[in-house]
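Following the working numbering, the numbering of the sequence shown begins with 80 at its first residue and continues without gaps.
Hints are not guaranteed to be accurate.
To be verified - Restraint ranges, calculated between C-beta atoms of paired labels, are given here: (1) D97 <-> A157: 47 to 53 Å; (2) P102 <-> S270: 27 to 33 Å; (3) A157 <-> V101: 49 to 55 Å; (4) K262 <-> K167: 45 to 51 Å; (5) K82 <-> R236: 29 to 35 Å.
Said to hold, decoys possible - Mimicking PhoX-like on lysine-lysine, the simulated pairs with C-alpha atoms at most 20 Å apart in a straight line are: (6) K151 <-> K170; (7) K262 <-> K221; (8) K167 <-> K151; (9) K265 <-> K221; (10) K84 <-> K95; (11) K130 <-> K113; (12) K174 <-> K151; (13) K276 <-> K113; (14) K221 <-> K105; (15) K167 <-> K276; (16) K276 <-> K151; (17) K233 <-> K221.
Rather than coming from a laboratory, the hints here were simulated on the basis of the structure. Here the structure is a predicted model, which is why all the values come from computation and not from measurement. Idealized CB from N, CA, C, for every residue including glycine.
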Amino acid sequence: MNKIKNAIKRIAGKIKCDIVIVPQDKHLSENQSKGYRCGDNGIFKGMPLTKEQQELSAIARDIYSFYPYDGKYILDEARLIICQSNAKSAKLREKYEVAEINPLGDWTGGTNVDTGATNRKLGSDMADSVTGGGLHGKDLSKADVSVNIYAFLKAQRTGKSVSLCCAIGDDTIDGVPYSEIVKQAKEYIDSIGGFEKFAEWGLF
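Whenever a hint applies, use it, and build me the whole structure from the sequences.
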């Protein structure tokens, strides 16, 4: 419980926490007690990152190191558009001389003035994946988390798009045991700093 409270405080500041923890459905728990199996039907797609996407990720992380606030960035071949909140356009222009910076002017952003729904992302996010945004599962045992991560990683290794599907009860996907897919997904999440960093930056 303290870990949850500490995470909330670290992310949202000093606010009143209302935490309710409910045990997993008894039947579902028993069904998975002898090993991990796919608990839902789904399709999954992994795409290799383009050079443009890798460059844009580096730019976003660089800007965030100075301005840890809302920002939107587009890189279309040689054209770079930077929309960064809580930043002076003139300062950004000193570092990114050829970029179009805050075309509509300086802005504030933040959850108090500009709040969207969870996973409301553009299709360019997460290497062109099917969801076009965040993963929807609650934890690594869910196919919509682990199989998406597996497909993404395989696409990076092979340099090719990866399309997978699974059905409820499957214990093997793409010739790999479901338990191994969950293990690989956990190792990747751990390698990028855990779910908090994953929520912050996505798969890459």
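Pairwise hint evaluation, K221 against K265, where the allowed Cα distance is 20 Å at most: Holds - the C-alpha atoms of K221 and K265 are around 12 Å apart, at most 20 Å.
Using the Cβ atoms, figure out if D97 sits within 47 to 53 Å of A157. Distance hint for D97, A157 holds at roughly 49 Å.
Verify the CB-CB distance for K82 and R236 against the hinted window 29 to 35 Å. Given a distance of about 33 Å, which is inside 29 to 35 Å, the answer is holds.
Starting from K84, check that the Cα of K95 is at most 20 Å away, please. holds, 9 Å
Can the restraint linking K276 and K151 be considered satisfied, given a maximum Cα separation of 20 Å? Roughly 18 Å between the alpha carbons, so the hint for K276 and K151 holds.
Indicate whether the distance between the beta carbons of K262 and K167 respects the range 45 to 51 Å. Holds, since K262 and K167 (Cβ atoms, about 46 Å apart) stay within the stated range.
Between P102 and S270, does the C-beta distance stay in 27 to 33 Å? Holds: the Cβ-Cβ distance is about 30 Å, inside 27 to 33 Å.
Regarding the pair K276 and K113, is the alpha-carbon distance no greater than 20 Å? violated, 31 Å
K262 paired with K221 [C-alpha distance capped at 20 Å]: Satisfied, since the Cα-Cα distance of roughly 12 Å is no more than 20 Å.
Going straight from one Cα to the other, do K130 and K113 come out at no more than 20 Å? Given that 20 Å is the threshold and the Cα spacing comes to 43 Å, the pair is violated.
Quick one, are K167 and K151 close enough, alpha carbons at most 20 Å? holds, 15 Å
Take the C-alpha atoms of K221 and K105, compute the straight-line distance between them, and say whether it is at most 20 Å. Satisfied, since the Cα-Cα distance of roughly 17 Å is no more than 20 Å.
Hint violations for this structure: numbers 11, 13, 15, all remaining hints satisfied.
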